[in-house]
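Protein chains: 2
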Amino acid sequence: MKISELSRRTGVPVASIKYFRREGLLPAGRATAATLAEYGEEHAERLRLIKALTTLGGLTIAATRDVLGAIDQADSTDGALGAISYALPVPVVSQPSADTDEEERADAAARAEVADLIAAMDWQTPDTSPHVQGLAAALKELHRLEAGYAPGELAAYADLARSVARLDLERAATLDDPVALAERAVIVFAICAPVFELLRRLAQEDQVRRRSARDATA
Amino acid sequence: MKISELSRRTGVPVASIKYFRREGLLPAGRATAATLAEYGEEHAERLRLIKALTTLGGLTIAATRDVLGAIDQADSTDGALGAISYALPVPVVSQPSADTDEEERADAAARAEVADLIAAMDWQTPDTSPHVQGLAAALKELHRLEAGYAPGELAAYADLARSVARLDLERAATLDDPVALAERAVIVFAICAPVFELLRRLAQEDQVRRRSARDATA
Numbered sequence: 017m018k019i020s021e022l023s024r025r026t027g028v029p030v031a032s033i034k035y036f037r038r039e040g041l042l043p044a045g046r047a048t049a050a051t052l053a054e055y056g057e058e059h060a061e062r063l064r065l066i067k068a069l070t071t072l073g074g075l076t077i078a079a080t081r082d083v084l085g086a087i088d089q090a091d092s093t094d095g096a097l098g099a100i101s102y103a104l105p106v107p108v109v110s111q112p113s114a115d116t117d118e119e120e121r122a123d124a125a126a127r128a129e130v131a132d133l134i135a136a137m138d139w140q141t142p143d144t145s146p147h148v149q150g151l152a153a154a155l156k157e158l159h160r161l162e163a164g165y166a167p168g169e170l171a172a173y174a175d176l177a178r179s180v181a182r183l184d185l186e187r188a189a190t191l192d193d194p195v196a197l198a199e200r201a202v203i204v205f206a207i208c209a210p211v212f213e214l215l216r217r218l219a220q221e222d223q224v225r226r227r228s229a230r231d232a233t234a
Numbered sequence: 017m018k019i020s021e022l023s024r025r026t027g028v029p030v031a032s033i034k035y036f037r038r039e040g041l042l043p044a045g046r047a048t049a050a051t052l053a054e055y056g057e058e059h060a061e062r063l064r065l066i067k068a069l070t071t072l073g074g075l076t077i078a079a080t081r082d083v084l085g086a087i088d089q090a091d092s093t094d095g096a097l098g099a100i101s102y103a104l105p106v107p108v109v110s111q112p113s114a115d116t117d118e119e120e121r122a123d124a125a126a127r128a129e130v131a132d133l134i135a136a137m138d139w140q141t142p143d144t145s146p147h148v149q150g151l152a153a154a155l156k157e158l159h160r161l162e163a164g165y166a167p168g169e170l171a172a173y174a175d176l177a178r179s180v181a182r183l184d185l186e187r188a189a190t191l192d193d194p195v196a197l198a199e200r201a202v203i204v205f206a207i208c209a210p211v212f213e214l215l216r217r218l219a220q221e222d223q224v225r226r227r228s229a230r231d232a233t234a
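The listed protein sequences correspond, in order, to chains A and B.
Each residue of the first sequence is one higher than the one before, starting from 17 at the first, in our numbering.
Each residue of the second sequence is one higher than the one before, starting from 17 at the first, in our numbering.
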């Protein structure tokens, strides 16, 4: 199909398709003339995934390139899952490195809090994991805001997170072909994160309304 | 304190403090001379909250202004919770409106899926809620990617989301002063969302590693 047809089929504007081509996210079409290229079903599929990652998933172009690279290099289903897990951007900005004694103590306390949690949950995650480091940075910021978790609170959230991750793995790991599984895993891990957040916001809204109704009749 | 001391205390650069002042996020200090202002503890607190919302929470300046406005106008604790719940940005980009029959059918199917879920969960959330609309848009995109939820899967996630929201409300709604409670709610609702996402990513990582280890010894 021509680029105009590819655009119509996927809902991605022609200018965006050309941009994704230049940025190396989308493979070249088959050249049919100096300025014409023929695109296939695989381009439409890849384009839908790029669109989903950059809009629903909120990924930058650079992060999208990393994730697509991990998908294409997947040579076993578990390898694909592991690569995807690390290629997805960590949902917290990195913190500036500690440059005072006070900052260093806060860093160390947050790292210890994460290590204690991981030990208590019996999670097999190395200290070098971006998720371990991201969580330590987040907890440090929360302490700075005097909004740290009370003892047991973080573990209660972690228990629920484990149940959510079990559902995620069941949804993600049902395919045998590594590339197809990696694509599915990207969708489940990256794009379904906003879905869970929306469900949580709906449930918060419901509980706020119930509180108001209860207070009004009290 | 002078602006330089305010910067040192909060870790926010002087240029950023001036920017937040210009954007109306931070109240003026008490003028002590034509070019000098004196800042107080309330400025340091507000600045820490702005920093947390824009970095950890990932909020834009405009969204941060809306949230701070909702905090300052809170006149009851339940009113504050409701306002915060709606002021926080919805974690999904808005979709272009349907302009073909096919798009309209997909829209209607996604809205029906959300309505069924809300009825099954007995959630008190109106159709006009940004979270209802955001969830419908997300489900529509997932269907387009042929990655919709199987029957029962979405409800399983919603059950866990309700448990997470219960923990959130317990953490958020412990204060009596509306403004203090609104600040706490912003921290719990906006800034702790990345924490749960990190816990979920850690749990996913753990389960991927266990799968690999199991397959290696099988």
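Heads up, a few of these hints could be off.
[Claimed, not checked] If you only want the chain B side, here are some residues facing chain A, beta carbon under 10 Å, derived:
(1) V30
(2) I77
(3) A135
(4) A136
(5) Q140
(6) G150
(7) E186
(8) A189
(9) I207
(10) R216
(11) E221
(12) D222
(13) Q223
(14) D231
Source of the hints: derived by calculation from the structure; they are not laboratory data.
Yeah, the Cβ is synthetic: ideal placement off N, Cα and C, and Gly gets one too.
Status of each hint after checking the structure:
1. A cut of 10 Å between beta carbons decides the hint on V30 (chain B): the least distance to chain A is about 16 Å, and the hint is violated.
2. Evaluation of the I77 (chain B) hint against chain A yields a violated restraint, the C-beta minimum of about 15 Å exceeding 10 Å.
3. A distance limit of 10 Å between C-beta atoms decides the matter here; for A135 (chain B) the minimum to chain A is near 12 Å, and the interface restraint is violated.
4. Annotation: A136 (chain B) was flagged as interfacial toward chain A, and the flag is violated, the nearest CB pair being 12 Å apart, outside 10 Å.
5. The interface hint given for Q140 (chain B) is met, as the beta carbon of that residue sits about 4 Å from the closest beta carbon of chain A, less than 10 Å.
6. Here the hint on G150 (chain B) is kept, as its CB sits about 5 Å from the closest CB of chain A, short of 10 Å.
7. Because the closest C-beta pair between E186 (chain B) and chain A is about 8 Å apart, less than 10 Å, the hint holds.
8. At a threshold of 10 Å, the smallest CB-CB gap from A189 (chain B) to chain A is about 7 Å, leaving the interface hint in force.
9. Taking 10 Å as the C-beta contact cut-off toward chain A, the hint placing I207 (chain B) at the interface holds, the least distance being around 7 Å.
10. Proximity of R216 (chain B) to chain A holds as hinted, the smallest CB-CB distance being about 4 Å (cut-off 10 Å).
11. Hint on E221 (chain B) holds. Least Cβ distance to chain A is approximately 5 Å, under the 10 Å limit.
12. Proximity of D222 (chain B) to chain A holds as hinted, the smallest CB-CB distance being about 4 Å (cut-off 10 Å).
13. For Q223 (chain B), the shortest C-beta to C-beta distance to chain A is roughly 5 Å, which falls under 10 Å, so the interface hint holds.
14. Because the smallest distance between the Cβ of D231 (chain B) and any Cβ of chain A comes to about 6 Å, under 10 Å, the interface hint for this residue holds.
Against the hints set out earlier in the document, violations occur for numbers 1, 2, 3, 4.
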